[in-house]
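Enquirer: Sequence:
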Amino acid sequence: MDLLVPNKSRDAERFLIDSKGHVYYTSNHYASFVKVK
1 MDLLVPNKSR DAERFLIDSK GHVYYTSNHY ASFVKVK
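For the sequence shown, our numbering gives the first residue as 1, with consecutive numbering after it.
If a hint is listed, it holds; no wrong ones were tucked in.
Okay, the calculated beta carbon distance ranges per label pair:
1. Lys8 <-> Asn28: 16 to 26 Å
2. Val5 <-> Asn28: 15 to 25 Å
3. Arg10 <-> Ser32: 15 to 25 Å
4. Asn7 <-> Lys35: 24 to 34 Å
These are calculated hints, taken from the structure and not from any lab test.
Backbone N, C-alpha and C fix where the C-beta goes; we use that ideal spot for every residue, glycine too.
Please model the complete structure; the sequences and the hints are all you need to start from.
Expert: Given below as structure tokens:
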């Protein structure tokens, strides 16, 4: 999931949800992750 902002190009930040519903955040385009939920 990428948070898109109108008139702004995509950056490295992403939220990912795995098959079990766990949510992860990356600020460096998938180089490392932090579990959010």
